[in-house]
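Fit the two chains together into the complex; they arrive one by one in their own frames, and the hints show the way.
Residue numbers (numbering that gives the first Met the number 0), protein chains in the order written: chain H, 0 to 459; chain B, 0 to 331.
The set of hints was computed from the structure by calculation and includes no laboratory data. If you're wondering where the values come from, they're calculated on a predicted model, not measured in any experiment. One should not assume that every hint holds.
Think about it this way: if two alpha-carbon atoms lie no more than 30 Å apart in a straight line, the pair counts; the simulated DSSO-like pairs of lysine-lysine are [to be verified]: (1) B:79 - H:242; (2) B:79 - H:407; (3) H:394 - H:203; (4) B:177 - H:199; (5) B:175 - H:203; (6) B:79 - H:197.
Restraint ranges, calculated between C-beta atoms of paired labels, are given here [claimed, not checked]: (7) B:31 - H:449: 51 to 59 Å; (8) H:61 - B:177: 33 to 41 Å; (9) B:310 - H:368: 50 to 58 Å; (10) B:81 - H:360: 54 to 62 Å; (11) H:241 - B:43: 45 to 53 Å; (12) H:431 - B:161: 24 to 32 Å; (13) B:161 - H:186: 30 to 38 Å; (14) B:95 - H:437: 22 to 30 Å; (15) H:66 - B:45: 33 to 41 Å; (16) B:73 - H:448: 12 to 20 Å; (17) H:434 - B:161: 24 to 32 Å; (18) H:400 - B:95: 50 to 58 Å.
Partial chain B-side listing against chain H, Cβ under 7 Å, derived [unchecked claim]: (19) 64; (20) 67; (21) 292.
Ideal Cβ positions, reconstructed from N, Cα and C, are used throughout, including at glycine.
The residues making up each chain are set out below.
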Amino acid sequence: MRGSIAAAALLPIGGALASCASSGTGTGTGAAATTAAGSSNNPFGLADGSTIDAVIFNGGYGYDYVTFAADIVKKNHPTVTPNVTPSTQIAQQLQPRFVGGNPPDLIDNSGAGSIGFNTIIDQLSTLDDVLAANNLEGTPISSTLYDGVKGPGTYNGKFLALNYVLTLYGVWYSQSLFDANSWTPPKTWDEAKDLGAKAKAKGKYLFVWGKEAATYYNTLAMDSAIKEGGPEVRIALENLDPKCWSQPAIQQVFAAMGECVKNGYFVPGGAGTQFTAAQAQWSNDQQALLYPSGSWIENEMKKATKADFKMTGIPEMVLTSSPKMPYESLRSAAGEPFIVPTAGKNVAGAKEILRTMLSKDAATNFCKTKLAPTIVKGTVPADGFGSTALQSQSKMLDAAGKNVFDYKFVTRYGMNKDMLVVWNSFLSGQTDVAGLTSGLQGITDKVAADSSIQKEKVTS
Amino acid sequence: MTAPVPAVAPGVGRKPKARGPRGRLTFDRVSFMVVFLGLPLALFLVFVISPFVQALYYAMTDWSGFSPNFNFIGFSNYTKLAQDDIFRRSVLNSVLLAIVVPFATIVIALLFASLVTVAGGASGGIRGLRGSSFYRVVSFFPYTVPAIVIGIIWAQVYDPQAGLLNGILTAVGLEKFKSFAWLGEVATAMPASMFVMVWAFVGFYTVLFVAAIKGVPAEIYEAARLDGAGRLRTIWSVTLPLIRDNVQTAWIYLGIAALDAFVWMQALNPFGGPNNSTLVMPQELFNTAFAKGQFGYATAMGVVLALITLLFAACVFLVNRLTGGRDEGGRL
Numbered sequence: 000m001r002g003s004i005a006a007a008a009l010l011p012i013g014g015a016l017a018s019c020a021s022s023g024t025g026t027g028t029g030a031a032a033t034t035a036a037g038s039s040n041n042p043f044g045l046a047d048g049s050t051i052d053a054v055i056f057n058g059g060y061g062y063d064y065v066t067f068a069a070d071i072v073k074k075n076h077p078t079v080t081p082n083v084t085p086s087t088q089i090a091q092q093l094q095p096r097f098v099g100g101n102p103p104d105l106i107d108n109s110g111a112g113s114i115g116f117n118t119i120i121d122q123l124s125t126l127d128d129v130l131a132a133n134n135l136e137g138t139p140i141s142s143t144l145y146d147g148v149k150g151p152g153t154y155n156g157k158f159l160a161l162n163y164v165l166t167l168y169g170v171w172y173s174q175s176l177f178d179a180n181s182w183t184p185p186k187t188w189d190e191a192k193d194l195g196a197k198a199k200a201k202g203k204y205l206f207v208w209g210k211e212a213a214t215y216y217n218t219l220a221m222d223s224a225i226k227e228g229g230p231e232v233r234i235a236l237e238n239l240d241p242k243c244w245s246q247p248a249i250q251q252v253f254a255a256m257g258e259c260v261k262n263g264y265f266v267p268g269g270a271g272t273q274f275t276a277a278q279a280q281w282s283n284d285q286q287a288l289l290y291p292s293g294s295w296i297e298n299e300m301k302k303a304t305k306a307d308f309k310m311t312g313i314p315e316m317v318l319t320s321s322p323k324m325p326y327e328s329l330r331s332a333a334g335e336p337f338i339v340p341t342a343g344k345n346v347a348g349a350k351e352i353l354r355t356m357l358s359k360d361a362a363t364n365f366c367k368t369k370l371a372p373t374i375v376k377g378t379v380p381a382d383g384f385g386s387t388a389l390q391s392q393s394k395m396l397d398a399a400g401k402n403v404f405d406y407k408f409v410t411r412y413g414m415n416k417d418m419l420v421v422w423n424s425f426l427s428g429q430t431d432v433a434g435l436t437s438g439l440q441g442i443t444d445k446v447a448a449d450s451s452i453q454k455e456k457v458t459s
Numbered sequence: 000m001t002a003p004v005p006a007v008a009p010g011v012g013r014k015p016k017a018r019g020p021r022g023r024l025t026f027d028r029v030s031f032m033v034v035f036l037g038l039p040l041a042l043f044l045v046f047v048i049s050p051f052v053q054a055l056y057y058a059m060t061d062w063s064g065f066s067p068n069f070n071f072i073g074f075s076n077y078t079k080l081a082q083d084d085i086f087r088r089s090v091l092n093s094v095l096l097a098i099v100v101p102f103a104t105i106v107i108a109l110l111f112a113s114l115v116t117v118a119g120g121a122s123g124g125i126r127g128l129r130g131s132s133f134y135r136v137v138s139f140f141p142y143t144v145p146a147i148v149i150g151i152i153w154a155q156v157y158d159p160q161a162g163l164l165n166g167i168l169t170a171v172g173l174e175k176f177k178s179f180a181w182l183g184e185v186a187t188a189m190p191a192s193m194f195v196m197v198w199a200f201v202g203f204y205t206v207l208f209v210a211a212i213k214g215v216p217a218e219i220y221e222a223a224r225l226d227g228a229g230r231l232r233t234i235w236s237v238t239l240p241l242i243r244d245n246v247q248t249a250w251i252y253l254g255i256a257a258l259d260a261f262v263w264m265q266a267l268n269p270f271g272g273p274n275n276s277t278l279v280m281p282q283e284l285f286n287t288a289f290a291k292g293q294f295g296y297a298t299a300m301g302v303v304l305a306l307i308t309l310l311f312a313a314c315v316f317l318v319n320r321l322t323g324g325r326d327e328g329g330r331l
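One chain only, chain B, in its complex shape (with noise of 0.2 Å):
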């Protein structure tokens, strides 16, 4: 980032003189260059530029997927993406799972994260609840559970008849949980859905946010509780702003993560749910190249994704500028 440059910078003037433009290349210097400046770069090339040139080219032919052969064929696949009903639906989805999931999970995991670190009690040293190791070790069990599992899990847990939630429901007495199909009701399918994903997804960011809030010297908490902050204004006033590097990673990571989504959705519902409600790309994609051997096209329903996906990253970017991120210098 251009740090702006202190008009005078004292003691920076009497730099002593450069020995050469940047030294002689010695076997040493060569060595040292082709190691680790020319490998990864090379490794760079083959495995992810050449892959996505590669891609932007297939999804202008009408490769089936199964044959070498193919035609180029223009920009006719992005023109049919364009009417294509089932994969607007995708892509809606998608955009609405990145935007629910990460907001859902970081409003959650924060407060997790402020209970078992700095919410204890109101009076001695600054400290987390009664018992709170125990609360952090356990609120990261699900992500130590493969997300095929979670998945495969809370299928289970939905079953309209056997489903252990349907059997609380209408144990409790409310009977016209009896047979409600989760899943399968357009209204609920997909928040059934994204309640599994926040599920999963809590324990990791609740540990990563601990870590963040741990890193904030504790007398900064102690100088807003004299100021008289209650527990929720020192979350939004003192620990958002000071781990706000941390929530924007999370942001990030979590907006993919939800961008795909394909695991959890691949479990839950692997059809695309009722009416297509929670029908995401990757699913759309994955069934235009196997199932329908159209290569081409699902390619280029992947080169879209792809543009969302930058897309987010750069929104999520944009607004942590806009509200003030610190850039420059800082922490990080």
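For reference, chain H alone in the conformation it holds in the complex (with noise of 0.2 Å):
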């Protein structure tokens, strides 16, 4: 009997300790294999019988616009075999990979369970030639895409990650609801207010929230708050100062979502609501006039949106008539990272498959099927594929002109998670402002105090 104590005392062990190997042997051999004389139709020297391997995540986008491409590279270059593997777990199924010194040449690093770049940002090789290079038709990448593309890849001063999908947060809304009450879309957080009134009258409600994507909230406060306040705004949260979340442009919109809040203008429940389940009350239910969130919604609620909804996007609400950045200033920054490790055995090959997909006909597809723009300019025609939030997308871009901005902290320090605590406390009426501003700073306070977490300084 005592040797069964011993074993069932043992046994528990087996299930919680996660046993993470790190073989410790991977060092960078495999890059220099595969490299012929670079040429104008093969600019990164993509060798004969070469395999590529890429692995994309499958997500929102679906990973066909990347088979579309490779299927180009494999007709360019017949003796070349590119793989193109989709994934919905990147981090958990790479990271034995980059341990051990064999990455995948090609990566998408997107979705929840994506790799965080503060780990892998000295195992990436950097992409500038890639711009620099002409696409299929013959013109210089660089010359084809819209302006600040390389900031969000950009890591210590370096261009790490190409994001392919040109994605612009708004607040989305149904333009044939709108025309059918006569109400207009608020510009600021006081007409949102007197539209949350309205809605009430008629038995609806302002916003909608679910509790995986209560965040979302967060992005429409920091966004309201820089457009009022200026760039300062959001260099002290990319910089994880104290008292970030206390600056007054950020405090006087949590104000105003306070009020929201407090008065009924939030569908009840949220934090107990599936998001994809929230988001529909607003597309299919029009229980709730306005979501905010990123352009990809079209595309995701593509099955629950209710017939001859007209989704149309608008920019987020300010706080007064003349914020420190025009109200039409947006936050606009591609997404879908691809990222090519310099472990890997094919960078060549990697690079020409981002080569095509930059090209004419791969981003048209994209844009077609996606019904979302890409990085490359002019792929979207003027009716949209017959999308209105495609075309509004199109007009907030052009009306925002230099005047967009972007920021990193969240998804470079893995915060979200602890935020979405904080958020669905607060949108449900749990917690006051000043709970939902010592809850948001005590997240960044942490990491700023962490000393193991390498920190990005933020200037401009």
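Set out below in structure tokens:
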């Protein structure tokens, strides 16, 4: 019987300990293998007979658009074999390969299970040469892209991730519903509150949220505050400054949101509602009027949107009529970061796929099938392939011009999960503005105080 | 267990003389030892012991998880853990689960098991309720559904607007449950999650206890009944003492499952619930490792989780011993 005690006592350890073995042998040995002389139709020296190993996040945009580009590469280089593999758990799946020194050649490091960039920036190849190369039509790629493409993929001054899909953040509504009630979409938080009262009179709500997406309101609040208070608001957040959440612009936006919560302008129960179900309460049931989100929302809710909804986006609200940045300013950043590890066996092949994706055929194919623009300009026709959301995106981008900003601290330090907790409490009315502020400050302070986390200093 | 050696063991004294210490090392003997002792031991060392040792080591590094490079930092991960309020919260939640879930599951399963075996009619032979073989099968159903599926289904049941639960509650006139977020309120998120786990476990442990009760001679129940014992009295004074080994095993397995709870919580409240009220250690570990890229720190969490699990198992044995469990001889 003593033996069985010991056995029963040992049993639990098996399930408890994650046995993460780093073999410790991997130091990039691959890269040298495949390079041939560069030429105009083969600028990176893709070697004949080589294979390209691409692992692509299979999320809202699927992965077929990369397969589309890989097929073109195959057509142009018949001896080359590109393999495109989908994955929804990038970090879990690729962690051992990074440690072992044999990562794939090309990765779309996206989704909830993506690898924190902080941990791999030393192992990535710079991608400046991709932008410097000509596309398949013979035009230099850099001249075909929207401004600020490099920003979201630049870490410690090095351009390491090519973010392919142009994403902008806005507030989305149903044009047909607004027309039917002769409502106008709000430009300021005061107008939003008025609209909330009108919605309530009709038995509707102003906003809706879902438990996994409560931080969309964090994005909305930060963007509003940055437009109102100017870039220094953003820089303080990016650098995790002490009291960065107590900046006046942020506090005023929080206060406006707090009023909306208190007045019951949010569909109740969001903290217990799955986020796509919550989004359907807006796009299908029309219980809520507005939804703050990124431009992926149309594609995400394609199957759960009411007929003739006419989804339309507008810039996020500001506080006053004279904000430091114009109302039309946008948080826009390219998303879907494609990375090329230096230890990959076919770096040239990975870059050739990227070059093909940035050429006309593949980029147009993406817009058409995903109803979202890529970073390549001029691929969305005026009718937006029949999508009002895509039309409004083009309009918003044009109106914003150079007034485009972005920040990375939330994803960079993996803070979204901790922030969800705080935001769910706030939106369901369990905590007030002070509680929200101290909760968020606690999260950023914790990262700021942790010396084992490498920080990036943001100056502009 | 050290069974008390009887003072005089009749018949044992004249044991036949041993043939050498262990017998000769024939090929049969050696190959037998290699296959049945050496091989399992080697597997155990490679796949069980060595990961433990490695984990203990990685817990003392700042390994990010995605590169072969890291520094040895001693115990600072553990000091960091001690000050980490979110981790402390997750430990508390896990311990709460390890106490409540096994207790509730075992009480309910024991009641069900008694109902379908010995709590039937008060006259005639000892038997269960009418139709008990049907109930026995039905009670097992939830256990055949994978945990993640159960989690997803119940997350839908708890949905504030479209969920079955609020639908039923409002239909019977309880208007305050309209849009009530069961998984979104601090007060209800944990109990609601616990309920799902208990619901899923009860069937299997009912079947386990049914098998155990079937092993108890029916005469004992008849005697208890003749002595005038009611049904609850029978469960408490006859069934429970006679199947306590099974209960102990059940308690340990349930405790381990509850200390894990990853699948359930990830399906019901992936980010840890309102105010982290349903965040469990494995979730925090997973998030720290894969989202935050702090594998060394996450490994330290794993070590703490392992220690707590060991402690839990030790407590169950201790309680069983203190309450007079029959460790020596006996059944099992």
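Results for each hint:
Distance restraint check for residue 79 of chain B and residue 242 of chain H: the Cα-Cα separation of roughly 23 Å lies within the 30 Å cut-off, and the hinted pair is therefore satisfied. Annotation: proposed proximity of residue 79 of chain B to residue 407 of chain H holds, straight-line Cα distance about 25 Å (limit 30 Å). Restraint check: the Cα-Cα separation between residue 394 of chain H and residue 203 of chain H comes to about 28 Å, which is no more than 30 Å; the hinted pair holds. With a C-alpha separation of about 17 Å, the suggested pair residue 177 of chain B and residue 199 of chain H falls inside the 30 Å cut-off, and the hint holds.
Restraint check for residue 175 of chain B and residue 203 of chain H: satisfied, since their Cα atoms lie roughly 19 Å apart, inside the 30 Å limit. Pair hint residue 79 of chain B plus residue 197 of chain H does not hold up; C-alpha atoms about 50 Å apart against a cutoff of 30 Å. Distance hint check for residue 31 of chain B and residue 449 of chain H: the Cβ-Cβ separation is about 55 Å, which falls inside the suggested range of 51 to 59 Å. Distance hint for residue 61 of chain H and residue 177 of chain B: a CB-CB separation of about 38 Å, consistent with the stated range 33 to 41 Å.
Between residue 310 of chain B and residue 368 of chain H the beta carbon distance is about 55 Å. The supplied range of 50 to 58 Å therefore holds. Taking the beta carbon of each, residue 81 of chain B and residue 360 of chain H are about 57 Å apart, inside 54 to 62 Å as hinted. Between residue 241 of chain H and residue 43 of chain B the CB atoms are about 51 Å apart, so this pair conforms to the stated range of 45 to 53 Å. Checked against the hint of 24 to 32 Å, the C-beta distance between residue 431 of chain H and residue 161 of chain B comes to roughly 29 Å, which is consistent with it.
A hinted range of 30 to 38 Å holds for the C-beta pair residue 161 of chain B and residue 186 of chain H, which are about 33 Å apart. Our hint of 22 to 30 Å for residue 95 of chain B and residue 437 of chain H holds, since their Cβ atoms are close to 25 Å apart. A beta carbon spacing of about 40 Å between residue 66 of chain H and residue 45 of chain B agrees with the range 33 to 41 Å that was offered as a hint. Between residue 73 of chain B and residue 448 of chain H the beta carbon distance is about 19 Å. The supplied range of 12 to 20 Å therefore holds.
In this structure the supplied range 24 to 32 Å holds for residue 434 of chain H paired with residue 161 of chain B, their Cβ-Cβ distance being about 29 Å. The hinted range of 50 to 58 Å is satisfied by residue 400 of chain H and residue 95 of chain B, whose Cβ atoms lie roughly 55 Å apart. A hinted interface residue such as residue 64 of chain B counts as satisfied when its beta carbon comes closer than 7 Å to some beta carbon of chain H; here the least separation is about 6 Å, so the hint holds. Taking 7 Å as the C-beta cut-off, the interface hint given for residue 67 of chain B holds, the closest approach to chain H being about 5 Å.
Checking residue 292 of chain B against chain H: minimum C-beta separation of about 3 Å stays under 7 Å; hint holds.
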